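Colleague: As a plain string of letters, each chain reads:
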Amino acid sequence: MLLKLGILALVPVFAAAAFAGAYFYYYEGSSVRDAPARVPYEEIAPYTAPSQVTPDSPAIQVRNGLLVVDALHRNAFKETEVTELVSKASNRGYTVEFLGSFVPERVEARLAVLEEKLRGADTLLVILPRDAYTEAEAALVERFVEKGGKLLLVSDPSRTHQINSLAKRFGLNFQPDYLYDTVEYDQNFRHIFVSDFQPDALTAGLDSILLEYAGSVRSSGPGLAFAGPNTKSSILDTEETLNPIAWGDSPNVLALGDFTFMVPSNSFVLDNDRFISNIADFMTDSERRFDLGDFPYFYESGPDADVDILLGQSSLYNIGLRMRNGLASNDIASQISGIEDTSRDSVFLGLYDDVAQVSHYLQAAGVRIDDSLGTPFGPELELEGTSVVALAQDGDRDMLVALADSEDTLSDAVDSLIRGSFRDSLVSDYVGVRE
Amino acid sequence: MNVPGKLGSLYRALLRTLTAWYVLAVMAVAVGVAGGLLAFMFIFPGKPKIGVIEIPYTVISEDSAYSINQFIDYARRDDSIKAVVIKLTSPGGGAASSERLYIETRRLREEKPVVISMDGLVASGGYMMAMGASYSYTQTSSLVGNVGVVAFSDPLIPSLPAENRIFTGPYKMSGFNRREWIGSVDQLKSAFAKIVVTERAGRLRISEDELVQGRIYSGLDAVRLGLADDLGGESDALRKAAELAGISRYGTVDVNLEVMRETVQELDQILASYGTRVDAFDLPAQTGARAPGSVASNETGASDAGGIATLHELRDLIRFGSLEEDREDPLPEFPLNIYRPNIYFLYVGNAP
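Chains as they are written, first to last, in the working numbering: chain A, 1 to 435; chain B, 436 to 787.
Check the hints yourself; a few may be wrong.
[To be verified] So, partial list: chain A residues that the calculated Cβ filter (under 8 Å) puts toward chain B:
| no. | residue |
| --- | --- |
| 1 | V13 |
| 2 | A16 |
| 3 | A18 |
| 4 | Y41 |
| 5 | P229 |
| 6 | P264 |
No wet-lab data here; the hints were simulated from the structure. The model shown is predicted, which means the values in this text are computed figures rather than measured ones. Don't be surprised by glycine CBs; every beta carbon is placed ideally from N, CA and C.
Kindly produce the complete structure, drawing on both the sequences and the hints.
Modeller: Structure (structure tokens):
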């Protein structure tokens, strides 16, 4: 009986052995059960906007002037995007005029418009030109800056541009990079804070500004704002401090490596609004000098402007009227006057016989009229068939003198002044002679 | 039984022999072994298997995520599959779809080991999916990483709504203002980074700050920096999966093929009630060999000529009764286009 039980016991024993054998044949160990750790999403901080509106400076100094905004070069911005800056310039008394309409223009047409408008402009704002400035256009702007005009160059690495075609004239180079900071940033690593400023009127009152998509600017002039220690350039592997804002080689030229900071709602973050106000102050503080080639823009335009037209002889009255109409077409009011007021801007129209009435102005301009006509850099000329125009400036007063050998010649000279063709006859910045 | 004569003698001799203890013992052993093996076969039916999911170059979209999720679900349901190997090549794709695949891969791994074999490119949302696995292999020639988000926003100054649009809150139309939206995108980036840092805890050898730079690494550097576990290919992945599952002798299952077969069968059952079959829809005979995502479908959603039907095409067949794009506008009276949020975990490469 015991033997039979023993034999019976073999069944489960060998069943278990077979089971285990089969198991270990296929399963040599235990399966690793993974219990993934919980991802700590709660550690991610909620976004809080660093909004802080700094109101515009209440002490706005109102000045007259013309701010010209370039839209001749298919510039990559919309008018609505510069509303903040432009309205601040306007609040400061400047007239704002957009050149062109953001569409492709013929190079010759562009040059003609730029040349004409820069004559009367105090400040030129160039934002993201997609068409390059030609050498002739850049030379025009360079001359404009030399004459005290302000130039603001604005770029942005998130939009295509050819701004260096103009910027290089002023020792500036907008780098093909963008600045970023992965340590301290607003919302996105490309939205950098700038808190290190060179003391300057442009940086007055600024603690920190936010630049949304800034690029660096290399300049032969001084830097104005410096990126923080954690800010890096996307392409420049450099330890040197990066400048998103810098002066050009002239104190009249300012370069901004970011455009988006001035666009609402970015314009109302941190001290951005204050910075835009400071830029508006810079743009409307032009010490633009005008010469004869800028006729008639050396006279102030607008409702307060007033110019006396003085006639050497009463027979020149009709020519005086044409001059008055010509000035009026440029929004410059004038009247024919019999007596010279040395505190007012004036135009003197006369014949060579009237030279004694304006001899001191001609002398100041280096013009001599006796038996012949002598000018600073021109040859001696016979008087017959000639006319001379000279601009004398005394402080804020501009006195334009136009003399000719006959009424017809004077009439032609006035017409050419109004049309602008007189500029071909300039022998210096302040004297022109027609033969 | 009493059998006379010679036959009876033989019978008695046989009975004695069969009831002898040593014969009974042999029989008991045989019965025991057979019973043990039968019990084993009952408890562990068939040879243990490793499910292989193949995801050739796939931009993760809602459709491809649907199909991949079907594969993952099948691998989870099939008890004979003891471990899963996913052969993955993907630059990522839609943020929500990529995260869905990460979540589902992670869920699968809670039940059975999942080993990812990264082929050419496993970037962004593809890399996020890989974070759900137990172990990952990459090749030296692979490109791995690219943690981050790509999104699109309104322009700096969005256009204002027209006067004929009535809406009940300042963000009803847009859902956000631009700054908040960019902030939300940054949060997504942080969440992605948290996933990687958590899943690669103890193995990652770069900081979170470094990680979110969005760099893409060679397979060699990915292993060196802890973004992947080891260098190797599919066979290494199979061996590792077997090791993690504790199995030594195994078969493999082409999960793509099985899912496609299963789907076609289900579809046939549905179509049978309409008196037709899948064959009537000109689906190629060979199904399932191609994974989703490498979906070569034209704009109408139909299979390209000579192509292989994919799961989401079959799904469309079920939902719309046709592979042709004849979906009606769900809001025909609504005068505006409907946009989905454009947000991606995607490696887009260098734009020309």
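Colleague: Of all the hints given earlier, name the ones this structure violates by number, lowest first.
Modeller: 5
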